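Number of protein chains: 2
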Amino acid sequence: MSAPSERARLRRNARRAVYEADVIRDILDREMVCHVAYVADGEPRIVPTLYIRQGDRVYLHGNRQSALLRHMEAGGLVTMSVMLVDGVVVARSGFHCSMNYRSVTLYGRGQVVHGEAHRQVLDAFVEALVPGHLAQVRQPTAQELEATTAVALAIDECVAKVRTGGPVDDAGDLQADVWAGVLPLSRQVGEPQPAADLKEGVSLPEYLAAFRYPDAR
Amino acid sequence: MSAPSERARLRRNARRAVYEADVIRDILDREMVCHVAYVADGEPRIVPTLYIRQGDRVYLHGNRQSALLRHMEAGGLVTMSVMLVDGVVVARSGFHCSMNYRSVTLYGRGQVVHGEAHRQVLDAFVEALVPGHLAQVRQPTAQELEATTAVALAIDECVAKVRTGGPVDDAGDLQADVWAGVLPLSRQVGEPQPAADLKEGVSLPEYLAAFRYPDAR
Numbered sequence: 059m060s061a062p063s064e065r066a067r068l069r070r071n072a073r074r075a076v077y078e079a080d081v082i083r084d085i086l087d088r089e090m091v092c093h094v095a096y097v098a099d100g101e102p103r104i105v106p107t108l109y110i111r112q113g114d115r116v117y118l119h120g121n122r123q124s125a126l127l128r129h130m131e132a133g134g135l136v137t138m139s140v141m142l143v144d145g146v147v148v149a150r151s152g153f154h155c156s157m158n159y160r161s162v163t164l165y166g167r168g169q170v171v172h173g174e175a176h177r178q179v180l181d182a183f184v185e186a187l188v189p190g191h192l193a194q195v196r197q198p199t200a201q202e203l204e205a206t207t208a209v210a211l212a213i214d215e216c217v218a219k220v221r222t223g224g225p226v227d228d229a230g231d232l233q234a235d236v237w238a239g240v241l242p243l244s245r246q247v248g249e250p251q252p253a254a255d256l257k258e259g260v261s262l263p264e265y266l267a268a269f270r271y272p273d274a275r
Numbered sequence: 059m060s061a062p063s064e065r066a067r068l069r070r071n072a073r074r075a076v077y078e079a080d081v082i083r084d085i086l087d088r089e090m091v092c093h094v095a096y097v098a099d100g101e102p103r104i105v106p107t108l109y110i111r112q113g114d115r116v117y118l119h120g121n122r123q124s125a126l127l128r129h130m131e132a133g134g135l136v137t138m139s140v141m142l143v144d145g146v147v148v149a150r151s152g153f154h155c156s157m158n159y160r161s162v163t164l165y166g167r168g169q170v171v172h173g174e175a176h177r178q179v180l181d182a183f184v185e186a187l188v189p190g191h192l193a194q195v196r197q198p199t200a201q202e203l204e205a206t207t208a209v210a211l212a213i214d215e216c217v218a219k220v221r222t223g224g225p226v227d228d229a230g231d232l233q234a235d236v237w238a239g240v241l242p243l244s245r246q247v248g249e250p251q252p253a254a255d256l257k258e259g260v261s262l263p264e265y266l267a268a269f270r271y272p273d274a275r
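One line per chain: the protein sequences are A and B, in this order. According to the working numbering, the first sequence is numbered sequentially starting from 59. According to the working numbering, the second sequence is numbered sequentially starting from 59.
Read the hints as simulated data drawn from the structure, not as lab findings. Quick caveat: nothing in here was measured; it's all calculated off a predicted structure. Treat the hints with caution; some may be incorrect.
Because identical chains share one entry, a pair is satisfied inside a single copy or across any pair of copies.
Subject to a maximum C-alpha distance of 16 Å in a straight line, what follows is the list of computed EDC-like cross-link-like pairs (lysine to aspartate or glutamate) [claimed, not checked]: (1) Lys257 / Asp231; (2) Lys257 / Asp235; (3) Lys257 / Asp227; (4) Lys257 / Asp228.
Using the sequences provided together with the hints, build the complete structure.
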């Protein structure tokens with residue numbers, strides 16, 4: 059497949075570029091934190107934030123006064139990056155040491171989500187963050203809904219970049235007595251820490267004991 | 059402490075802003091992947107890449123033809139973000155569910171590193187990626203040094219944003235029969251995967267068996 063636009067075309071390391079929608083969706087489904095960049099007064103801005111994917115869109119949300127969300131409400135262009143860090147590539151030379159990763163870069167202009175769709179997107183954020191938790195919590199209040207803006211971004215002007223596999227060493231280095239390979243990385247869940255004011259008698263439910271980061275779900 | 063510049067001042071959630079140099083350094087030392095944003099032809103660009111910190115500077119490196127590095131060589135402004143994902147905050151309402159994180163945002167213009175300093179920075183990238191490995195690998199060739207640009211960014215126009223601790227629920231939700239607390243997250247190292255063409259007789263050295271991601275070093 060070819061790039062959907064010139065700005066989404068990978069120029070360096072073009073062999074690592076992937077434009078297939080299923081690969082892009084799979085990467086997006088394995089993280090929950092992205093970085094979004096935009097231009098304000100001619101200068102770059104960058105914001106780490108949560109996102110979810112539904113169908114052929116990703117959604118961002120946050121306080122309705124956030125500068126990023128107001129930029130998107132006004133129709134401003136953004137570019138978003140999601141980066142899975144899969145491992146450290148240990149090579150026989152420093153030059154070929156590297157990371158294994160899967161990243162997605164997306165360009166677009168947001169569309170604010172209103173009404174019932176807005177509420178559904180906010181619910182979906184809760185469920186994506188903590189699967190199983192939505193059914194346990196009360197409904198959002200009118201004030202909470204009002205305070206939170208959600209915007210949709212189409213997944214069309216998009217590229218994935220993937221490095222996978224072992225080190226690619228120079229032929230002349232293959233006989234060096236140096237270990238080479240990959241040290242895999244993933245996000246691990248530690249021991250759940252109950253809130254100091256947890257109601258007496260409430261124990262950790264099964265769905266929280268089973269919590270995994272999206273890359274391990 | 060107050061913000062070092064207007065663009066580095068946190069406007070939303072100002073209570074989460076931290077401008078202390080030691081906090082900022084500590085966050086920078088616990089990751090190795092950052093996102094860098096810049097403006098090209100009036101549009102935002104975003105690039106995930108490795109970085110290291112030394113003293114009061116961070117360094118980026120990469121192929122000398124990379125668009126980001128050429129932008130920095132030309133004196134262009136960048137903004138860089140580092141984001142540690144520390145945990146999922148499980149609240150008694152969807153609205154108060156959140157993430158614990160430590161992030162740093164930095165603004166600046168790069169300075170290309172030349173000569174012996176250039177070589178030292180490239181060595182430091184190897185050692186930061188895989189502590190102990192630099193002593194095992196051959197020296198970089200002139201061609202490898204030539205192919206790689208390194209740029210320094212001063213850590214002065216910088217802000218950290220930190221969320222820590224348990225959920226902050228509404229008083230009216232505290233008696234709900236809903237578990238609340240934090241699910242801690244960190245990067246875990248899996249079983250080392252030797253290269254398919256690993257030289258016979260080379261076993262995993264101690265320094266690689268002990269490898270931890272920077273947040274756990």
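Hints, verified against the model:
1. Lys257 / Asp231: Between. Shortest inter-copy distance 10 Å satisfies the 16 Å Cα cut-off; intra-copy 61 Å does not.
2. Lys257 / Asp235: For lysine 257 and aspartate 235, the Cα distance is within 16 Å only across copies (7 Å; inside one copy 58 Å).
3. Lys257 / Asp227: Classified as between; 12 Å across copies, 57 Å inside a copy.
4. Lys257 / Asp228: Classified as between: cross-chain Cα gap 14 Å, same-chain 61 Å, threshold 16 Å.
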